[in-house]
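> The residues making up each chain are set out below.
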Amino acid sequence: MDLTDKEYVERCRDGHQDDFRLLVDRYQKPLFSFLAGRLRDGRQVEEAAQESFVRAFLSLKKLRKPESFYSWLLGIAGRVAKEQLRSLKHRQQDCEVTESIMANAADSREDYPLEEAIAALPETYRQVILLRYYEGLSCQEVVTRLDLPLGTVTKTLSRAYALLRQELAARESAEPTVNQTELP
Amino acid sequence: MNCAECRENLVACVEGLLDREESLQCQAHLETCAACRAEHAAITRLQRQLVARGPATAEVSLVESVMRRVHQEQFKPERETIMSTIFKHRWGFGLGAVASAAVIIIGIVVAMSVLNISAPKAFGIEQVITAYNNIRFLHVKDFRAKAQEPAEFWIQSNDQGLAEKARYYFPETEDGAKLITWTPERTELWFKSKRRFVTLQTKRIAPWMQSMLEQSQPQLVMKKLLEDQKAGNVDVDIQKPSIIVATHKSEPRKEIYRIDPKTDLITRIEFYRIEDKQEVLQSTMEFCDYNVPINEKMFSLKQDLPKDVRVADQLNQLIGVPQGKMTDEQAAAETVRQFFQALIDKDYKKVGLIWCGELEEYAKEEFGAVNVARIASIGPPVPQPDWDKHGFKVPCELEIIHLDGQKTVWKSSPYVRPGDDEMHPDRWNITGGVNPGETKIKILPDNAKYEKMTPRQAAEAFFKACAEKKWDEVLKFWPMSGADEQFERMKEYLGGLEIVSIGEPFKKGEYPGWFVPYEIRLKSGVVKKWNLAVRNDNPANRYLFDGGL
Numbered sequence: 191m192d193l194t195d196k197e198y199v200e201r202c203r204d205g206h207q208d209d210f211r212l213l214v215d216r217y218q219k220p221l222f223s224f225l226a227g228r229l230r231d232g233r234q235v236e237e238a239a240q241e242s243f244v245r246a247f248l249s250l251k252k253l254r255k256p257e258s259f260y261s262w263l264l265g266i267a268g269r270v271a272k273e274q275l276r277s278l279k280h281r282q283q284d285c286e287v288t289e290s291i292m293a294n295a296a297d298s299r300e301d302y303p304l305e306e307a308i309a310a311l312p313e314t315y316r317q318v319i320l321l322r323y324y325e326g327l328s329c330q331e332v333v334t335r336l337d338l339p340l341g342t343v344t345k346t347l348s349r350a351y352a353l354l355r356q357e358l359a360a361r362e363s364a365e366p367t368v369n370q371t372e373l374p
Numbered sequence: 015m016n017c018a019e020c021r022e023n024l025v026a027c028v029e030g031l032l033d034r035e036e037s038l039q040c041q042a043h044l045e046t047c048a049a050c051r052a053e054h055a056a057i058t059r060l061q062r063q064l065v066a067r068g069p070a071t072a073e074v075s076l077v078e079s080v081m082r083r084v085h086q087e088q089f090k091p092e093r094e095t096i097m098s099t100i101f102k103h104r105w106g107f108g109l110g111a112v113a114s115a116a117v118i119i120i121g122i123v124v125a126m127s128v129l130n131i132s133a134p135k136a137f138g139i140e141q142v143i144t145a146y147n148n149i150r151f152l153h154v155k156d157f158r159a160k161a162q163e164p165a166e167f168w169i170q171s172n173d174q175g176l177a178e179k180a181r182y183y184f185p186e187t188e189d190g191a192k193l194i195t196w197t198p199e200r201t202e203l204w205f206k207s208k209r210r211f212v213t214l215q216t217k218r219i220a221p222w223m224q225s226m227l228e229q230s231q232p233q234l235v236m237k238k239l240l241e242d243q244k245a246g247n248v249d250v251d252i253q254k255p256s257i258i259v260a261t262h263k264s265e266p267r268k269e270i271y272r273i274d275p276k277t278d279l280i281t282r283i284e285f286y287r288i289e290d291k292q293e294v295l296q297s298t299m300e301f302c303d304y305n306v307p308i309n310e311k312m313f314s315l316k317q318d319l320p321k322d323v324r325v326a327d328q329l330n331q332l333i334g335v336p337q338g339k340m341t342d343e344q345a346a347a348e349t350v351r352q353f354f355q356a357l358i359d360k361d362y363k364k365v366g367l368i369w370c371g372e373l374e375e376y377a378k379e380e381f382g383a384v385n386v387a388r389i390a391s392i393g394p395p396v397p398q399p400d401w402d403k404h405g406f407k408v409p410c411e412l413e414i415i416h417l418d419g420q421k422t423v424w425k426s427s428p429y430v431r432p433g434d435d436e437m438h439p440d441r442w443n444i445t446g447g448v449n450p451g452e453t454k455i456k457i458l459p460d461n462a463k464y465e466k467m468t469p470r471q472a473a474e475a476f477f478k479a480c481a482e483k484k485w486d487e488v489l490k491f492w493p494m495s496g497a498d499e500q501f502e503r504m505k506e507y508l509g510g511l512e513i514v515s516i517g518e519p520f521k522k523g524e525y526p527g528w529f530v531p532y533e534i535r536l537k538s539g540v541v542k543k544w545n546l547a548v549r550n551d552n553p554a555n556r557y558l559f560d561g562g563l
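Chains as they are written, first to last, in the working numbering: chain P, 191 to 374; chain R, 15 to 563.
No lab work stands behind these hints: they were computed from the structure.
Ideal Cβ placement from N, Cα and C applies to all residues, glycine included.
Honestly, I wouldn't trust all of these hints.
[Unchecked claim] Computed footprint of chain P on chain R; a stretch qualifies when at least three of its residues, placed anywhere within it, have a C-beta under 8 Å from a C-beta of chain P: (1) 24-33; (2) 51-65; (3) 79-85.
[What the hints assert, rightly or not] Covered stretches of chain P, going by a simulated chain R footprint (3 or more residues, C-beta under 8 Å): (4) 201-213; (5) 240-247.
Excised from the complex, chain R in its bound form:
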């Protein structure tokens, strides 16, 4: 190694980044060259000085304290009363609303006197308000009592305090794990378990994210609680400077708000249900990472998508079936009719457009093997008032012809809804409830043996077949093509599992099948505890896997 090469490598050498041979060469040169040795010593000396900075400043954390002071300074002239701060506050209750201002002032003063909250006991609401003056980024974890993983939310707001970007993750829904990103212009939904990805535009998410932001703010929480207290709906108890307990009078519920006394930020809300005088924790919301900037990449899912995800585009194409002069029921039934007619006609572009805008190639991939010969019956549509957006399930019967000529009746119940808000409000789509796997259900030569199984026996036989990697047997409980990619993934995931326990089956809601609690240990060592959904309302009358893995 000559001097030039040595100088070029000196930093890498000091940083320990050279491989063994290069390092030896560098050392050898340093031993023989005084000039390079002096350079090396100078760099090492400087590096030592710099390295000392790390531990000396490791604990320094000035951001929140500085920003609080910055906000205090900014709002100094108006900071004389709680209310002036509230009205200046970006979450304001209506700027310039002088009349309401007076009402709120009186409301809070009255409520505080009713509550007997002296100023010190109110743990410095002014500081709390100031602390919340400018939340731009928020990360929330929502732990449901029986869920294995929390739901998570990341929200970014603009300078006016309006939610402008969000990402949320629901690990357990009836659709499986769901990841969603939202901006007013574009929403992306990734149904991870179903391997579907949808882009659309919706206004529905904004108010929800807004309420999440507002729940994290003590001054709004306090205002609401004090109003509820005044109306006689709730008892508010400020137990410590950092704990507020709200007990509802007309409902068996209670909430505990925990506030970090150092930062005046709400750190946690615990939601309890009171059953037989016992407080049962229902869920806990943790507010973390206040104002920790969220990477832009978090607000788009595109870079996270695996290649085999099926894409539906509701942003750039006209989807669904127009309602025209039809009633909602008629539109729902007509949508289903057109969908299955498109399947009969093998018109996969149309199938895709009604199937939430799924692109033609994916619609063909999904439904290409389904041989619908005839629509036997459709309807009547059953309204679904529990859905967050109105819609119907439309029970129908279709005649299927299998490759070997066997004919079966496919009972399907598509979910039909009008399009999303501002995008396609007058066009109806099928959003679920159509499982092409069901069309693969055939009557087995030894079908009688399987027909006799109880839900529990079927679940046990299914897991046992997975444990023993008897895939032909597995396919009897989970009809799919043995050549499917999905089948390969299933083999990889479930092959060689160990059954820990199978519980008593139970029914829930209107689901026509059963839920069988199970606990399995996958070959990766991961223990999975959940409910296997099985149903036997199929042409073969045997219990088949319908979800819950």
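The following block holds chain P by itself, in its conformation from the complex:
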């Protein structure tokens, strides 16, 4: 049942819309983590994550590179988070809580590029990282799940770490922005 992002996106577009749940299942945790880095408030994060997935679903037909689904999803999530913060600011301009949320959000920027860096990984590497860290599987469990030799899994992890570090280093000097190559 484990298809690639591209295959799931294509199935959804072909009318198998319920397959979208498999994409949600695959990316809900990293997306949550990404949004938690921007919003911090648990309820807000959950709302934003839901909203991001729903918008992604409704715009699936516009996605030009189905293999970049996750990166595209983060782009949507980044905009949803901004909207939420803006709306909070407008509604509760004089509320200390909002200021504190905004302050926290600003402070948290050093962490969330990790999810963006993960989004930039080729799917093979991303899959192993997601299973190992977001699904909490051990290397041995990843071996069983993917039916790969242990050596291949450790090599994939090793390469994924190298790519992540490279990506994070590249982002360190740049402004933290989400991938906006494809707008929904």
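For this one, chain P is given, so just place chain R on it according to the hints.
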């Protein structure tokens, strides 16, 4: 270890996957090499960041809430009324059936007013309908009150809501444990206790799986209940937002539907029988794992089969005996005649074809030791109206010659049925009731001692012999060859058991023997509680094991 080897092993080292020696070598190199140490530190730092993601997101579960919103968004324009949603619904009651739509609308409105269900009390039928809009995968457990294990069903439907794949498991049937997978093109049945595997094609399973899917859906359940309420057949009581109680008026039955208020999904249906004003739980159906994708491998049994399973193929060969112009009774009797004649002729290919399409090698293995000398009598066929597909039991008597020349009469009662639906509808097969083990029954030198035993004494003596591993004695109650693989399995399974209790024998249905309740503790520690079937309608007139282990 040099730098290249160390770098190659760094991830395995950080993950704790190296053996002790390799780990020590790696550590030793790190102590002496600043570049590798820096690399190790960088990986560890990144890993720490990643590891923190796990606990922070462990509780995240957005799938159902997202999918519900997705469906709401999809159906937004038509979501103004319950009925528009119902007609859009993939389980629909007939798209475009405008006239019936009106009837149903009126029906529900009337029924709701009869029931005095105000909108809030109806716990948001709209949400419930939306929640059910797109069930693709379903896992159901069916707990029967007296069964030790639940029956289980896994069903996958297509985008139109039609069941397209299923797997089900019945742990306790008259054939023993049964595992079945189904697609419209291919059905696989594995009779685990009988070690038989059959492939065929049938349409009979589809409506059954469909009804299982539909039972899991509150809007269809509600519709049916409200219709029954309107017809005066049932009282419906919505006790809480999450509980519906349906009490039948003309039958002593009651059902309780439990709904998860968070997801609007039916989680459980309890079926009660009312006896002397007491509610007696008959069975409970649990609907679990909604829309959890089912692995494709679940829909085929091939990879699960042990090597010693006998295979019958009804997909790729023409099986059975053609009915031609014969009546059903004549066809049943003729099928039995041809079967036993094939046994006399040692034509095992034909034996296999009549025996549900069993492959020749397995038919020979199963019946090769049976020496039928003559068919003494056949029939008349006895119709079996209780079977889900019509058929007959055909009592017959056969003369058997044992290796030592002893002749006995084998009374057998094969089950005969026409082939399955679309595959072989006009061809008759023997589907059971022929136990070659019965032909091994001989009259013992001390047969009189065993003839005098009651069913309970026979069951007790059988288990005692198993407990003491007196296998010659066991074979007197369970005739089979001491060289059989089955015998070896039986020795392994029952040897050294401990008898916990033997109950009062009872009769059930038309079964000619007795059921003896027992409780035994196997040497594995597993306690087994069930009924041993014993019967003495055999040439030796002593009670012999006939099932129930």
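> Of all the hints numbered above, which does this structure not satisfy? Sort the numbers upward.
none
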